[in-house]
Amino acid sequence: QQQVKQSPQSLIVQKGGISIINCAYENTAFDYFPWYQQFPGKGPALLIAIRPDVSEKKEGRFTISFNKSAKQFSLHIMDSQPGDSATYFCAASMKAGTYKYIFGTGTRLKVLA
Amino acid sequence: EADIYQTPRYLVIGTGKKITLECSQTMGHDKMYWYQQDPGMELHLIHYSYGVNSTEKGDLSSESTVSRIRTEHFPLTLESARPSHTSQYLCASTNIGQPNEKLFFGSGTQLSVL
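Protein chains in written order, with the numbering used here: chain A, 1 to 113; chain B, 1 to 114.
Extracted from the complex, chain B is given alone in its bound form (with noise of 0.2 Å):
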């Protein structure tokens, strides 16, 4: 059911390097969002989307960057990666004023930084 989908699903990376998860829903939604999920379960909010060309730091303050150059693409950026980046991240998409709101969820990105 779930049209959303996340690359890589597992990641390893040194410390210092250049990282970029991918993010994708065919699904025509408006809205975008991105969500670190740390081991304790918590999802915290770090980036979300309205649309083209707008995006809105979450509550979580996080080091990362994204862009939403195109309706289905909302792609993760961390410039410089470190061990505090090492969680899961999860990428969700919903439509605005759809009757039954709901969250896509994709299956994430479990990203460890050595």
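In isolation and in its complexed conformation, chain A is listed as follows (with noise of 0.2 Å):
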């Protein structure tokens, strides 16, 4: 109930193309949804987040499409570039009880020049 499921596990693209990361997750309880970038050697920041009132967020290069009936939401990297290859967390929280962030297993992303 408290996991959030994320693939792929590894994601390879070219240089303008799109690159998507999808999670899912089981606790409805849950009511904040962002996503991390990790760059090597350096700790998560936060990238794009979303609530479950809307089904689409976006800022600039980057979307959130969120689906509550699926309990899915996913992260799409329009025109990509070799700058984004980095690892990508998706997470969820509620506000709720604990305040704990849930993250998911996480996706290297690798943009090829």
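Don't take every hint at face value.
[As the list claims (entries may be wrong)] Residues from chain B that face chain A, not an exhaustive set, calculated with beta carbons under 7 Å:
id, residue
1, M41
2, E42
3, L90
4, E101
5, F105
6, L114
Hints in this document: simulated from the structure, not taken from any laboratory. No residue lacks a Cβ here, since even glycine has one placed at the ideal position from N, Cα and C.
Dock chain to chain to rebuild the complex, using the hints, since each chain is given by itself in its own frame.
As structure tokens, this is what we get:
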């Protein structure tokens, strides 16, 4: 119930292509779904986040699509660039209770020049 | 941007030694967390704190302990390090109720126990 399942584990995309990473959750009490980006040697940093009252959020080349009924959400990176090569984590949290953030298993993205 | 600091950045130590990983934040955040990140990337919550004198164990069982005597400081201690403790340890903080919830992470401590 507390898990967030993320796929794929790794992804290789050509420069200019679209990168898509998917996550699924079970606990309907989750009410906040952020994506974090981690570069080697650094801690993760917030990239974009969504709440379940909207189905899509876009910030620049990054878009979150959210499907509440399917309990799934995904990150789309448009016009992928070599500088986007990093590890991406989806996460989920809930305001009520413990405020714990549950992270997915991560996706290593490599964008080829 | 990130005002959360972890020291040391790298630590190589022998089995049986006591170690303390330091984490400090200057943002006045209430909540602080310790995550263990294995080579497969996955982040496992091992400890968290709601505020001063509040600590809780996370989802992954850990032999480490934490303390929160001051808001800005959340050190993690291993009384007797073992090779199985070799991992990357990440500290994070956030504030309760902020409009755009954001976990701020430190750069991590890479611990190697020989």
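Status of the M41 of chain B interface restraint (C-beta, 7 Å, chain A): Since chain A brings a Cβ to about 4 Å from M41 of chain B, closer than 7 Å, the hint holds.
Take the shortest C-beta to C-beta distance between L90 of chain B and chain A; is it under 7 Å? 5 Å, holds
E101 of chain B was flagged as interface toward chain A. Is the shortest Cβ-Cβ separation under 7 Å? 6 Å, holds
Interface hint outcome for F105 of chain B [beta carbon to chain A under 7 Å]: For F105 of chain B, the interface hint holds, since the closest Cβ of chain A sits about 3 Å away, which is under 7 Å.
Answer holds if the nearest beta-carbon of chain A is closer than 7 Å to that of L114 of chain B; otherwise answer violated. At about 22 Å, which exceeds the 7 Å cut-off, the nearest Cβ of chain A leaves the hint on L114 of chain B violated.
Restraint outcome when E42 of chain B is required to lie within 7 Å of chain A by C-beta distance: Hint on E42 of chain B: holds, closest Cβ of chain A at ~5 Å, below 7 Å.
Checked against the numbered hints above, the structure violates only hint 6.
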